[in-house]
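Chemist: Here is how the chains run, residue by residue.
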Amino acid sequence: MKYALLVHQSQEQFDKRDNAAAMAAGRAYSEALQAAGVFVGGAGLESPQATTTVSIRDGKRQVHDGPYAETKEFLAGFGIIDVPDLDAALEWAARHPAAAFASVEVRPLLGSHFAVGGGKPS
Amino acid sequence: MSEAATRDVVEDTARNSYGRLIAFLAARSGDVAGAEDALSDAFVAALERWPQDGVPEKPEAWLLHVARNRLIDAARRHQVRQNSEMFLQQIAEEAQAVAERHDHFPDERLKLLFVCAHPAIDIAARTPLMLQIVLCLDAARIASAFLVSPAAMGQRLVRAKNKIRDAVIPCRAPDPPEWNERVSFVLDAIYSSYTAGWDSLNEAGSTLHALAADAITLGRTLVQLMPAEPEAQGLLALMLHCEARRAARYSTNGEFVPLDQQDTALWSRLMIDEAERHLRSAATFKRMGRYQLEAAIQSIHANRAISGEIDWPEIVLLYEGLVQLAPGIGSLVGRAVALAQAGNLAAGFAALEEIPAERTVNYQPYWAARGHLLQLLNKNDEAQKAFTRAASLTDDPALRDYLFKRSAEVI
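As you go down the protein sequences, you meet chains A and B in turn.
Quick note: the first sequence uses the numbering used here, first residue 1, plus one each step.
Quick note: the second sequence uses the numbering used here, first residue 123, plus one each step.
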C-alpha cells in the first residue's frame, strides 16, 4: 500500500529549514526509508513564492503567480512510501524530522482499495 | 422445519456469530463495509434456503462460503482484481478448514475492537462502530442513543468504514509497546458509551438505558477476549458498580438521591458481587490502572451496604493514585470532596481552588462540590451561588431540582 507523507509548514517553520542540522536530519531520514526498502519517491519543495498556478477555463490557459490559495500552512515537501498498512505508515511519519515541529499528513495513494493487510501492491 | 422456526435459527446465528463472522472476513479483507454487505446477503440467502434444505451442520461455515462468493462478485463488479484473489482464496481455504474442524468458530472480535478504536478513526465514531459491527446493533438505535439523527449517524459510520478500507487500517491486536495505549482507546470508547447511557435519564427501557446495558455487554466481551488485561476487568467492575445503583438514584417521586444517601437495599447485590469478583481478579495481575482505581473507589461506596459507613480516608488514597495516573477533571474534583469528607475540609477546598478555572467553567460536578464544601465552611452566600451555577449546568431535571433545593437551603 502506498502512502504520501505530506509535510505542512508555516512560513516561520519553513524559514528555519535551511540549516545544516535540519538538512542532515532530512538526509538521514530519506536514507533510513531507502534502507528499509519502503522509499518510492519524494522531495522537499521550494517556497510558495516560487509557485505558479495553471488552470484551463473555457479552453483558455490561465497562469497566475503564487499558490492556488493563500493559507497559513503550505506544502513544504512530500514523500511516497510503500508499506503494508496505516500503522506502518504512521510510524514512518512520526520519524519524519518535520513531525517534531510541523505536521505530516498521511494520505493513501488512490488505487488498490482491495489491498490486503500485509500484502504488497502489485 | 417451519419458516418461523428457521427464522429463529437464523436470528440466533446472527446474534451469536455476526460479530465473529464480520471479524473473520474483515481481518482478511481489511474492508468492514464490504464484509457487512457480503454477510447480510449471506443471511438473506439463509432465510431463503434453510427452510427448504434444512439448517446446515455448520451454519457459520455455510454463511462464510456464501459471503465469500458475494465478495468475489463485488470484486469483479468493481474491477479491483489485484490482491483480491489472494485473499479470497485464503478465505475459501480457511472457511473450509473451519467447516472441517469440530471446535468453535474462531473469535477474532478483539481485532475488530482495536480497529474501531484506532486513533486514526474519528473519536465520535469509535463507540458507534463497536456497537454496530461487534454487537450488531442497528444504526437507528445507535443514533438515538447518541442523540444524533439516523442519517448523520449513518454518515459517520460510513465515513469511518471507508477510512478503514481506504487508509488500510490493519485489523489486528497491537504489539506490546503500543498495547497499553491502544487498549486504553478501546476501554475509553466503551466507558464513554456507558456514561452517555448513565447521565441524565432515569426512564427504564429508554434508549440511553439500553446503551448503558450495551456498554456492559461490550465490557463482558472484552474481558472474555483479553482475560489477562486487568484494566478490562477494572472497567467492567466500574460499570457494574454504577449500574448496580440504578434503581436507587431517584426516589419513587423521581427526586435525585445523592450516592451517600441512597437506600442500599435498592442496590443490585448480584451486580455488586460480579463487580467485586472482577476487581479481585484484576488485582492478582498487580498492574494498577485508572479503571481499577475508579472501580475500587466505587467498591468502597458499595461497602456501605454492609458496614453502614464510608471509608473516606481509603477513598482519598485511591484518588491520590488516580490523579497521578489520570488527572482528569472528574478525579480532581472527586479527590477534593474525599479530602473534605475525610475530615480535612481546608485541604479539600484548597484542592478545589487549585483546579484551573478554564477546566471548571462548564463542569457541573465541580460547582456542586464547591457548593457542598462552601456550605461545610459556613460560607453560605458563596455556597448558594455555586449550587445555582451547578443547577444551570445539568440537563437532568431531577438533579437540577435537587441542586436548586440545596441552593435554597443554605440561605
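It is possible that some hints are incorrect.
Stated by the list, open to error - To give a feel for the contact side, a few chain B residues facing chain A, derived at Cβ under 7 Å:
1. I245
2. A246
3. D288
4. V290
5. A295
6. P298
Just so you know, these hints were derived from the structure itself, not from any lab.
Every residue, glycine too, gets a C-beta built ideally from N, C-alpha and C.
Chemist: With a cut-off of 7 Å, does the beta carbon of V290 of chain B approach a beta carbon of chain A closely enough for the hint to hold?
Modeler: holds, 5 Å
Chemist: Do the numbers back the hint for P298 of chain B, that is, is its least Cβ distance to chain A under 7 Å?
Modeler: At about 14 Å, which exceeds the 7 Å cut-off, the nearest Cβ of chain A leaves the hint on P298 of chain B violated.
Chemist: Mind checking the CB of A295 of chain B against every CB in chain A and telling me if the closest is under 7 Å?
Modeler: violated, 12 Å
Chemist: Do the numbers back the hint for D288 of chain B, that is, is its least Cβ distance to chain A under 7 Å?
Modeler: holds, 6 Å
Chemist: Return the status of the interface hint for I245 of chain B: holds when the least beta-carbon distance to chain A is below 7 Å, violated otherwise.
Modeler: violated, 16 Å
Chemist: May I ask you to test the interface hint for A246 of chain B with respect to chain A, counting a Cβ-Cβ separation under 7 Å as satisfied?
Modeler: violated, 19 Å
When held up to the earlier numbered hints, the structure conflicts with 1, 2, 5 and 6 and fits the remainder.
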